[in-house]
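Trainee: Sequence:
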Amino acid sequence: MPTPVQIVNEKGQQLLLLWKAKKIDEILATAYAPDASIVDGDITYKGHVEIKKLFEKPQSSEDVPIPIDTTATSDDCVVQTLKGEYQGSAVVCKITWNKINGDWKITREDWS
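The working numbering numbers the first residue of the sequence shown as 5 and each following residue consecutively.
A hint or two may mislead.
In silico lysine to any residue, SDA-like type, Cα no more than 20 Å apart, as pairs [said to hold, decoys possible]: (1) 24 / 62; (2) 109 / 33; (3) 98 / 8; (4) 15 / 70; (5) 26 / 62; (6) 109 / 86; (7) 27 / 63; (8) 61 / 28; (9) 61 / 114; (10) 50 / 103; (11) 50 / 102; (12) 56 / 115; (13) 87 / 13; (14) 98 / 68; (15) 57 / 42; (16) 61 / 90; (17) 61 / 35; (18) 50 / 98; (19) 27 / 52; (20) 98 / 10; (21) 24 / 88; (22) 98 / 49; (23) 109 / 69; (24) 24 / 61; (25) 57 / 29.
Here are the simulated distance ranges between beta carbons [what the hints assert, rightly or not]: (26) 83 / 33: 18 to 26 Å; (27) 56 / 90: 14 to 22 Å; (28) 33 / 92: 30 to 38 Å; (29) 92 / 14: 28 to 36 Å; (30) 21 / 56: 16 to 24 Å; (31) 87 / 58: 18 to 26 Å; (32) 61 / 106: 31 to 39 Å; (33) 17 / 102: 15 to 23 Å.
Source of the hints: derived by calculation from the structure; they are not laboratory data. Since we're looking at a predicted model, the values are computed, not measured. Glycine residues also receive a C-beta, built at the ideal position from the N, C-alpha and C atoms.
Could you build the full structure based on these sequences and the hints that come with them?
Mentor: Right under this line is the structure:
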């Protein structure tokens, strides 16, 4: 049976493929909790409707940070840290995945 970290890493790979294919609705349905939030500096996007608007803004599908650490903090919570570059600047993203109704979903992303 796969560990929570293995499951989250696999879901992360699926998410990357969906992102590159620009399948926003599928990304939201399969990876994000309905009340998920994305925090980018002073701006917070909460819920599928706001996150979808964010994802629909023009972005390069190549500007994707890579996971550098994935840690299970409990049986139903995994925190993933990603690093990358966006428009020439270094970025770090911490993603919190929680097990909800038997499935792993992103509940929060913090970008800096």
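Trainee: A separate judgement is required for each hint: does it hold in the structure or not?
Mentor: Hints and how they fare:
no.	hint	result
1	24 / 62	13 Å, holds
2	109 / 33	9 Å, holds
3	98 / 8	16 Å, holds
4	15 / 70	14 Å, holds
5	26 / 62	11 Å, holds
6	109 / 86	17 Å, holds
7	27 / 63	13 Å, holds
8	61 / 28	11 Å, holds
9	61 / 114	18 Å, holds
10	50 / 103	19 Å, holds
11	50 / 102	16 Å, holds
12	56 / 115	17 Å, holds
13	87 / 13	15 Å, holds
14	98 / 68	13 Å, holds
15	57 / 42	12 Å, holds
16	61 / 90	14 Å, holds
17	61 / 35	19 Å, holds
18	50 / 98	16 Å, holds
19	27 / 52	14 Å, holds
20	98 / 10	17 Å, holds
21	24 / 88	16 Å, holds
22	98 / 49	15 Å, holds
23	109 / 69	19 Å, holds
24	24 / 61	14 Å, holds
25	57 / 29	11 Å, holds
26	83 / 33: 18 to 26 Å	22 Å, holds
27	56 / 90: 14 to 22 Å	20 Å, holds
28	33 / 92: 30 to 38 Å	33 Å, holds
29	92 / 14: 28 to 36 Å	31 Å, holds
30	21 / 56: 16 to 24 Å	18 Å, holds
31	87 / 58: 18 to 26 Å	20 Å, holds
32	61 / 106: 31 to 39 Å	32 Å, holds
33	17 / 102: 15 to 23 Å	19 Å, holds
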